[in-house]
Structure formats: C-alpha cells, structure tokens
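There are 2 protein chains.
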Amino acid sequence: MRTTRAARSQDDLNGNLPGPVAGIDIGGTKIATLIVDAAGAVLGRATHASSVGDQGGAVASIAACLDEALGGAALRRSDLKAVGVGVPGRVDPKRGHVTLAVNLGWHDFALRDGLEAMLGLPVVIENDVRAAAVGLYDRHVVDGQPSDLAYLAVGTGIAAGVVLDGKLHRGARGLAGEIGHAIVELGGPRCQCGQQGCLEAFASGPSIARRANAPTAKEVYQAAAAGDTAAIELTDDVGRRLAWAIHTLVMTYDVQRVVVGGGVSHAGSPFEAPLRRELERLRDASDLAGELLPADIVDVLPPEAEAGAWGAVAVARTAGLAPGARGSEVVSHA
Amino acid sequence: MRTTRAARSQDDLNGNLPGPVAGIDIGGTKIATLIVDAAGAVLGRATHASSVGDQGGAVASIAACLDEALGGAALRRSDLKAVGVGVPGRVDPKRGHVTLAVNLGWHDFALRDGLEAMLGLPVVIENDVRAAAVGLYDRHVVDGQPSDLAYLAVGTGIAAGVVLDGKLHRGARGLAGEIGHAIVELGGPRCQCGQQGCLEAFASGPSIARRANAPTAKEVYQAAAAGDTAAIELTDDVGRRLAWAIHTLVMTYDVQRVVVGGGVSHAGSPFEAPLRRELERLRDASDLAGELLPADIVDVLPPEAEAGAWGAVAVARTAGLAPGARGSEVVSHA
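From first to last, the protein sequence lines stand for chains R and B. Just so you know, the working numbering puts 42 at position 42 of the first sequence, and the rest follows in order with no gaps. Just so you know, the working numbering puts 1319 at position 319 of the second sequence, and the rest follows in order with no gaps.
Some hints could be false.
To be verified - Derived contacts from chain R toward chain B, CB cut-off under 7 Å, selection only:
{"no.": "1", "residue": "His-97"}
{"no.": "2", "residue": "Arg-173"}
{"no.": "3", "residue": "Leu-175"}
{"no.": "4", "residue": "Pro-189"}
{"no.": "5", "residue": "Cys-193"}
{"no.": "6", "residue": "Gln-195"}
{"no.": "7", "residue": "Met-251"}
{"no.": "8", "residue": "Tyr-253"}
Said to hold, decoys possible - To list a few chain R residues with every Cβ distance to chain B over 10 Å, as calculated:
{"no.": "9", "residue": "Gly-89"}
{"no.": "10", "residue": "Arg-95"}
{"no.": "11", "residue": "Pro-146"}
{"no.": "12", "residue": "Gly-177"}
{"no.": "13", "residue": "Glu-178"}
{"no.": "14", "residue": "Glu-185"}
{"no.": "15", "residue": "Gln-222"}
{"no.": "16", "residue": "Arg-241"}
{"no.": "17", "residue": "Glu-272"}
No lab work stands behind these hints, which were simulated from the structure alone. These numbers come from a predicted model, not from an experiment. From the three backbone atoms N, C-alpha and C, an ideal C-beta is built for every residue, glycine too.
Put together the whole structure using the sequences plus the hints.
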C-alpha cells in the first residue's frame, strides 16, 4: 500500500507551517542552529562549540545559540513559527521529555516545556538520529525520493532512524532502530551495554579506537589511509560489520536506501571503500541480496550535510499537527 | 503515534464484511479451508492432504477444498462475502499474482483472477506468513493485544510477518521480514540462497536435518527428547540462533511480541526450552535487552492454532477495502 502522497497532502492542509522555523541539533560538545524559510532556504545559522550543559543551564544555552542565528538573519524570536530540537538520547515526544541522554547527563528532563516558556514558541523535540531520518526524507536529498529509508548514524554510538512508507517508525516502546545493539557475533566481545557481540562493540568510534589502541577512530582511519597494515585490517573489519548492519536493516525493513552519517563516516575512502566492497560481495552472492541491495542502496553523507540540524528543521514543521502526530508525521515544505 | 484504533474504526465503516468469509491456507503438501462468520465463529472446515498442483490445476483443487468446507457448513459459494488465500511464496497483492512460489512450482500466476472467475466471489491473496501475522493481530490471540508484533515462521524456510502500529508492514519491494536470510554468522556455511551464514542455513527444518544427518528435523528433536547428546547440542544451537532472530526483530522493529510458529516449532520442549533459555540470558545481560525482551516477548503457537488459515480469513475481510488497501489493512471482525 502506498498512501504516502495522499497522507502528505492531508498533512500539508493541516500541519504545514508557512513561515520560517528553527532546527537545533544538540551534540555532545556543540549546538548547531539552522533557520529555514518555508521554501527550504537557509536564512541563518549558528554553531556553539561548547557543551549544552546540565539540565539547569541547557535551556539558556540553546536559546543563546538560537538568538545568534536569529541575529544573523535579522529576525526576532516572534518571526519563527516553531522550533525543532534533536537530542542525542531517548525522547518522549508526546510529553516533550528527554527520558535519558547519557552523554549530556540528562534524565527525565522536561526540555520542551522549558524551551516553550523561555521562547514563547511551539517546540518539538525528537531523538537526533530519528530527526535526521525524517529530515533526509523531507528534503528528498536522496536520489529517487524513496518512501522507505534508514539513516544509520555511526559515531560515539550506532543507531538507525527509519522512515517507512513516508512516516517515522518509532516502535512500540520508542526504541526501534537499535541496530547498534543487534548482535553481529554470537558470543563476541562484551559491549558497554552488557550484551556480547553487539555491532557497537566493533564499529562505534570509541570501539574502533580501543581495538587499535589509538586515541580516536580518526587516527585509525588516518593510519589506514597511510598504508598501515594493522589499521587497514581493522577498518576492513569495521566495513564488513557495517555492511552486515545495512544488510540486516534491508532484510528486516525492506528499505530502499540506507543513508550513512555520523562522525566515523567522515573518514572518507578508508571508511567507505571496505563497506562498499562487502556490500558488493553480498549483492553478488544471492538473487535476494541482489534485489534488496542494489548498487545505489547506500549513500554516505558528506560531513557538510548537516543532517542533524535539517532533521530538527523537519521536526519543527510538525508543530502544527495534532499533538500525537508531532515529530512523527513528515510534513513536506513547500 | 497511535492512530490504530481510529484507523480501524474508519476501516470498519468502509471495509468490514458482515457475512461469512473463507480463509484458505495453501501449504506445500496440503490445503486447509476455514469458513468463519462475522463474529469469528467457525462454520465449516476442510483439509485436503495433497498438493495443490501446478498452475493449470490449482484453481480447481482450491475450489474443491472450499466446496467441501461449504458442504459441511450447509452453505453455498454465494453465501460467502469473500475468500482469502495464503500462499507460501512471493505475492503481488495488488495485481493478485503469485510472483514466485518455489515449492509449488508457480511463477507469475494470476491466482486471484483465476479464483474469482471460478468462484464468482471477491478473492484476496497474500503471502502465508504475512497473512498469519495479520490474523494473529486481528484475532487478538496474543495477551495484551499488542499493536506491534512479528510472526516468526520456522519450517522449510524461515520468514517473519510484521504488523506495525496495527498494519501489515510489507516493505518497499514487498520483501520485509526476510529474517531467514539475515546473517547470523559472518562467513558461516553457505545457504541455499547463495549467501553465507544465513539463519536459514542453521535453523530451518531441512538445515536441522542436514546438520544432524537425519531424515527430518522431527527425528532430531525426538532424539534430543530421548537424551541423545549430539541432538541436544544441535537443538540448543538452533534455539540460540532463533533467539538471535527474535532479538534482532525486536532491536530493529521494537515489536511487543514475537509469535513463533511453523512445522519446526511443533517439536515441543526440545524446541522451546533452548530458545527461552537463550532469551533469558540475553534479557539479563543488559538494561536495553531487559526492556525490549520481557519474559512475555515470545509466544510459541500450539500446532492446532491454524495460524495460516486464520490469517487467510483476516485477509478475506479486507476484500471490502479499496484495492490498494486489500490484504494490508487489518479489518477487525465484529
């Protein structure tokens, strides 16, 4: 069944926001804001290269970054129709709470209400990876405008945001897409989560660094690019495991595209080449894989794609929808 | 977002069928028909323990089984509102074609049109595993009436049918739920499909028999029940791999329940105990698994559940919907 287009027309009638909105992407060590008009043009942007802070100071830090972006665009807060916020953690979009964001030290934090009180604007919050998936779908930045896509974020952790038939798939408990804790090797090394053999224990940034006894994954990829044999072996293994993740996402969800982003993915060819080689090997092995993993199954985002901030913009546009649909429906911009 | 109930009320208005319908489950070596009234009561049933035959004779074989069930219920074909058919193969529900059913030798077979012409009734066809998933959801046979569930069929092949937020998830190319060809062991043994390390290469009926040098999986489970050490080791390994599949389905889809059925699952305790032991081990390993794999995550269907025929009944009830929604929407019976 394909009701996407009809459903989106309905959404456009009910929920689309004609004016500018702000999307704010909260990372572990920075805040990025994008102000975008109804046609999708960027009016302003700002990046604060500092932590958003603890729950007591976070609302003020976020507002400061937003105000800087507004200043650059010669706009006031009241010119905005809504604000979307992507948070690296578990989010309850209905209540507007950040349930748990380990890297930020947040726990059951009523971020939406705090921001709405501070800004006097409608605010929608969403998990950053899910928001990015919605943004990628909304902006049609992938060829062929697939109605079903996954965004695989490879960074400090690994997770997927999944759009099925044009709608964000959250799952029954809001935990869909936990591919980082799917098991790539039964009985494999212990993951931080407690399980054995999780994908994240092999292929997240910190795991790559730990496996190579290097300070960061970036150094490992630089060593691989310089021809270091051990680094090449390791980055080949990471590519093989991430290809497994893409294969698993496709075999379960039957998505048409898997878009790969996140800090680790910015390492260029030493990241991308082993991944593509393994996908090619899988594709050639069977008719089923050949059909489900065509050559264009994967897009690796360029570092400048700002997937997180654009995702927050897409999430902001859902502020006009009924409370239950905010953050989850996809409202196309004009 | 939970729009299930509202969506189903709408469906009830548009699509529910007040009269009796027939569900026909086509297996590799039998045909089973169930005739059910609008309240869900069984009016008649019939089972033909013979192959449905090639494309030339299949429509007549199916009609003969249906007529026998009608005779037992003292009904005529014209008393039925619709007929649903579950087929072990790839189905294009919109065109009503069986694209490929390897075990039946069918290829691009216009089964719906053939049956409609023969019976003079609306017919909806669907893949058997997906139909069973819809049937399990529709009949609320699982505790707690989950809106998100997977049906994991373990038999000659392994596949999952997935209901998300009360609707069948087909995937972009109609191939969602191919968990049998997800890779449980990178570089593992070659699967019939050509890939290496597929779940099916370890845990389907024929694979279990092959691994034990036994005629069938049933004999392997009987040997395990009788205390044979090698058989116990093998069936423990199968349980571990199937628990991996359940874990993977839950980590990706975040379904609330995984219902296990299919011929291999009828082996009783030697099938179920190792599976539950491994799930318990996974559950205890991490907070995330603890939340996603609660003790009631799995139901193993009893052999008499007739999941396939009830699935075909659920599919029949969608005949009143718009063509694009047939087979995919779930229409609750009264």
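Evaluation of the provided hints:
| no. | hint | in the structure |
| --- | --- | --- |
| 1 | His-97 | violated, 16 Å |
| 2 | Arg-173 | holds, 6 Å |
| 3 | Leu-175 | holds, 5 Å |
| 4 | Pro-189 | violated, 13 Å |
| 5 | Cys-193 | holds, 4 Å |
| 6 | Gln-195 | holds, 5 Å |
| 7 | Met-251 | holds, 5 Å |
| 8 | Tyr-253 | holds, 6 Å |
| 9 | Gly-89 | holds, 13 Å |
| 10 | Arg-95 | holds, 14 Å |
| 11 | Pro-146 | violated, 7 Å |
| 12 | Gly-177 | violated, 7 Å |
| 13 | Glu-178 | violated, 5 Å |
| 14 | Glu-185 | violated, 7 Å |
| 15 | Gln-222 | holds, 26 Å |
| 16 | Arg-241 | violated, 8 Å |
| 17 | Glu-272 | holds, 19 Å |
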